Amino acid sequence: MLKFTLKRVVGLVPIMLMVTLIMFLLLQLTPGDPARVAAGADASEEMVQLFRERMGLDQPLLQQYGSWVAGLVRGDFGTSLQYGTPVSEMILRRAPVTISLTLTATILGLLVAVPAAMAAAYKPDRIVDRSTVFATTFGISLPDFFIGLLLVLVFAIEFDVLPALGYVPFTESPLRWSIHMILPAVTLGAAVAAELTRHMRASLRDIVGMEYMNTARVKGLGTVRVMGKHALRNAAVPVVTVLGLQIRRLLGGTVIVERIFSLDGLGSLIVQGVFARDFPVILGVGIVSALTVVVVNLAVDLSYGFLDPRVRVGA
Amino acid sequence: MSQATGLPGPTAMPPPRRASPSRGFLRRAVTQPRVVASAAALLVLVLVAVVGPHVAPHDPLSGELSRAFQPPGDGYLLGGDDLGRDILSRLLLATRISLLAAFQAVLIAFAVGVPVGLLSGYFGGLLDSVLMKFNDAAMSFPALILAIVIVGILGPSLTNAMVAIGAVYAPRVVRVVRGSTLAAREELYVKSAQAMGCAHSRVILRHILPNILSPLIVQASIMMGLAILAEASLSFLGLGVKPPTPSWGQMLGRSFQYLYRDPFSVVLVGAVISVTVLCFNVFGDGIRDSVGREVPK
Chain A
1 MLKFTLKRVV GLVPIMLMVT LIMFLLLQLT PGDPARVAAG ADASEEMVQL FRERMGLDQP
61 LLQQYGSWVA GLVRGDFGTS LQYGTPVSEM ILRRAPVTIS LTLTATILGL LVAVPAAMAA
121 AYKPDRIVDR STVFATTFGI SLPDFFIGLL LVLVFAIEFD VLPALGYVPF TESPLRWSIH
181 MILPAVTLGA AVAAELTRHM RASLRDIVGM EYMNTARVKG LGTVRVMGKH ALRNAAVPVV
241 TVLGLQIRRL LGGTVIVERI FSLDGLGSLI VQGVFARDFP VILGVGIVSA LTVVVVNLAV
301 DLSYGFLDPR VRVGA
Chain B
1 MSQATGLPGP TAMPPPRRAS PSRGFLRRAV TQPRVVASAA ALLVLVLVAV VGPHVAPHDP
61 LSGELSRAFQ PPGDGYLLGG DDLGRDILSR LLLATRISLL AAFQAVLIAF AVGVPVGLLS
121 GYFGGLLDSV LMKFNDAAMS FPALILAIVI VGILGPSLTN AMVAIGAVYA PRVVRVVRGS
181 TLAAREELYV KSAQAMGCAH SRVILRHILP NILSPLIVQA SIMMGLAILA EASLSFLGLG
241 VKPPTPSWGQ MLGRSFQYLY RDPFSVVLVG AVISVTVLCF NVFGDGIRDS VGREVPK
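Residue numbers (our numbering), protein chains in the order written: chain A, 1 to 315; chain B, 1 to 297.
Isolated chain A, as found in the complex (with noise of 0.2 Å):
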């Protein structure tokens, strides 16, 4: 299992220096020049020059990815144009409120999708299972801004029952953490809890057909423990794998969700970063997202070897 786990840690290397490579190629199409743009729009040419040398604009090319690479592995990524701060404490300072909102729609995904594709597989093409598929398709065509505006449409203007914006850190009222989470994180569930149960349905109808499934019934185990130990754990690779997928749809839709409810996550950050044209944050905001999504998969690899040890010998 080390052995297999190293393997996938150091198989991360090359992704990540394309990631940041593209990044650095995208950054060489900004318009003008970066040195000018940093100094001002009012900067004397001296000035202009002495940007340049400060960030590194006169090097070769090669060389600035290079020390700005180094940069990144110390966790450097640069100096907000705008406010002058380090860009990794800006990230950091809002990371939190992007962590809470995925994780809880996450969570809230697998809550919905884990019941209802058991109940839709259970019997196929009975009622439950037609109205399980009715709604998944739903689910995954309506966009996260739509869900989001009828919610609180709905919720906060129509009934006015629960906070349509702002967020409230975990760390200071669990409770009016969790009021103001539910908005944003059903928003951004639905998509996640759509697609979940339309795999989960899909690989969990496979596996009702079994061998091994009629045996557990014949045995005389509950409708509860046949579903729940014996398809469940059987159907958890292909699931696992669509989980990992979603945080790409996650990360890219907290953007919306995050203008929707006014929350200041790292989405609000780049989209302010790009008003601001201040692209050490852009590029800061990117490189994190892309990171996480790598990092994810990579859990989810080292899960297969977990779930299914067959995984483990192959590799």
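Hint data in this document are derived by calculation from the structure and do not stem from the laboratory. Fair warning: this is a prediction, and the values are worked out from it, not measured in the lab. Be aware that a few hints might be false.
[Said to hold, decoys possible] Derived, one-sided and incomplete: chain B residues facing chain A with beta-carbon distance under 7 Å: (1) LEU100; (2) ALA137; (3) SER140; (4) PRO142; (5) ALA143; (6) ILE145; (7) ILE148; (8) GLY152; (9) LEU229; (10) PHE236; (11) PRO263; (12) GLY270; (13) LEU278; (14) ASN281.
C-beta: ideal position from N, C-alpha, C; glycine also.
Go by the hints and put chain B onto chain A.
Frame of chain A; chain B shown alone:
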């Protein structure tokens, strides 16, 4: 899926030897109600995009402030927006802009993705492995975040938003094209074309490309849905079209600010976007299922 409708009946046997494969595929596609329904809806939408702005009852770009938030009726069929502009006229123009924008983005993604995928899949080797590493890395970004990064670097505008969305989805096209090319490369007809001494360019363009078209069509339809969502998201955030030009996302973002006063237009525009995306998805899925049955037993 309904097996009875799709399988060729006794009349289809024996198949004429040189029948074009696309005919059977089309026949299967039109027997599926959902394909027909979604295709009809999309056709209507395209019609609206082409004709709509010409028959719009009012100027979509300017209005009378006195008619701000006017409820539907009195000349404004769907009411007025925050600046007293006719929502119906704006929606008609927005349909054209959003559809065109999504189409351009998909076009960019395919213009980049198809050649790269073909070359990478056909020649393999070092080129392929470097490109695939690059592709994997590009695909580890969440689509919307990468699009925002690109828009952020190029500067917010509708054109840049389309370039960004095209660039974000190009790696997906590369992956699909490369996969299909890898499979087609091993087919007998490709091997024999090579044995007959066809140039690589001819093998790729005349023998491989036509045979991987069906997965490409499916991909294009689903990607149209994704691109519409992406454009709507970017414009919703204010990173797409510039005012006063309307697009679906821009209208949604704008009316969202007045959600308390005028919930109707938010629901309206949101529903239009959702139904359109749903249609593209259903259409793509239906086509995929029709294509799937083409595999000979």
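Query raised in the report: Where does the structure disagree with the numbered hints, that is, which hint numbers, in rising order?
Result: Those not satisfied come down to hint 1.
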